[in-house]
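Trainee: Sequence:
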Amino acid sequence: MAHVEVTVQEAKTQLSRLLRRVEAGESVVIRRGREPVAMLVRVPADRGRRRVWGNVEGSLGPDFDELPDGFGPYA
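First residue of the sequence shown: 2, per this note's numbering; consecutive thereafter.
Among the hints, erroneous ones may be present.
Claimed, not checked - Computed cross-link-like contacts, EDC-like style, restricted to lysine to aspartate or glutamate with a CA-CA straight-line distance of at most 20 Å: (1) K13 - E27; (2) K13 - D47; (3) K13 - E24.
Bear in mind the hints are in silico, worked out from the structure with no lab data behind them.
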């Protein structure tokens, strides 16, 4: 993955342009002086989707609520 390095001041004044580069697959390292302090990277496409509650129906085994042998004293 290609990356570009910018100062904090450059990041403040060019954020929209930097975000377009990130959307194109580049990463952006933001430096304070010579010290890298942050990195902008693209979020994976499926990461932004909202989770749907109850979408695991049928994925648990029928014995899910049963305790294994030997756990009686701890329950």
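Trainee: State for each hint whether it applies.
Mentor: Here is how each hint holds up against the structure:
no.	hint	result
1	K13 - E27	18 Å, holds
2	K13 - D47	28 Å, violated
3	K13 - E24	18 Å, holds
Hint violations for this structure: number 2 only, all remaining hints satisfied.
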